[in-house]
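With the hints as extra help, turn the sequences into a complete structure.
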Amino acid sequence: MSLFSALSVSASGMAAQRTRAELLTENLANAETTRTPEGGPYRRKDAVFVTTPSQSEFRSIFASHLDTKPQGVAVSEVVVDPRDPVMRYLPGHPDANPDGYVGFPRINPAEDMVDLMSTSRNYQANVSAISAVKDMIQKSLDILQ
Amino acid sequence: MQRPNPGDAPRIWRHAETNCLIPLKPEKAASVHFIPAMLDPLSSNLERYMDLLSARQKLVASNIANADTPGYKTRDIDFQAEFRNAMDARQPHIAQVSGLKTKNDGNNVNIDRESRLLAENDIRFSIATSLLRSRLKTLRSAIQEGRT
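Top line first, the protein sequences correspond to chains X and G.
The first sequence lines up with residues 377 to 521 when you count with the numbering used here.
The second sequence lines up with residues 6 to 153 when you count with the numbering used here.
Watch out, some of these pointers could steer you wrong.
Claimed, not checked - Examples of chain X residues toward chain G, derived with CB under 10 Å: (1) SER386; (2) THR401; (3) THR427; (4) VAL449; (5) ASN484; (6) ILE513.
It is worth saying that the hints were derived from the structure and are not from the lab.
Predicted model only: the values in this text are computed from it and were never measured.
The beta carbon of each residue, even a glycine, is placed where N, CA and C say it ideally should be.
Written out as structure tokens, the structure reads:
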């Protein structure tokens, strides 16, 4: 029974949280963006998580022996906010429509900041898990000293 | 290792803890823990204990990684019961944990519970390795005839 798969599980959690943090900071950075390659204002993005079997290189070999299949996490998809943009009356703006309204992204900075905090805490929890497991591996190496 | 003659039928193995002879079906033989001749039953129990702790630590890491996954349910093993079955060397049975509050997205991972288990497993593992190390130290001392 190997502790190393616990490391890859925690690493998958860190990677997933990092992806989510990147999307959230992208949302905050683009809170006022009115032009995108797809056309129209920027739309809020968020990550959807899904459990996956842990990605250990020895997984295929041990899969038949280990009943304690640890489950990692992965980003299954990035969802784009389908809501309509917020219309603001700015007649002088180059992206204004004929009525003088400009579509701005429907982004609530408070919402993104709170999600970012939660992401950061979850990332920290995964880091703690890694250091605890690393400690256990180190101690089992110390048995023979 | 106390191994029988290969041709014996039924094959007889020495039980690791009680040291009594037990007949075994060959297919089951590979799944039983044996004590190397140099170590005592306590050491093999410690080994099993550490195995269980690492299995549990993996589940805790998995629960923490999935703290934000919709619909994910906390998984754990019944540590005491699994340890009592230690000599079977079966894979521990994983069950969902009852009595946890389920959030709106169907996830019921409680980070506080997982942090506690993370620290607890770490400390228990540390105790087990210290004990095993002291057994090995005694053994080494005997090999070296008491000289340091």
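Structure-based check of each hint:
Nearest Cβ of chain G to the Cβ of SER386/X: about 5 Å, under the 10 Å cut. The hint holds. For THR401/X, the interface hint is violated, the least distance from its beta-carbon to any beta-carbon of chain G being 17 Å, above 10 Å. Checking THR427/X against chain G by beta carbon gives a least distance of about 6 Å; that is within 10 Å, so the hint holds. For VAL449/X, the suggested interface contact is upheld, since its CB lies about 5 Å from the closest CB of chain G, less than 10 Å.
Using the Cβ-Cβ criterion of 10 Å, the hint placing ASN484/X at the interface with chain G is not satisfied: the shortest such distance is roughly 19 Å. A least Cβ separation of about 9 Å between ILE513/X and chain G falls short of the 10 Å threshold, and the interface hint therefore holds.
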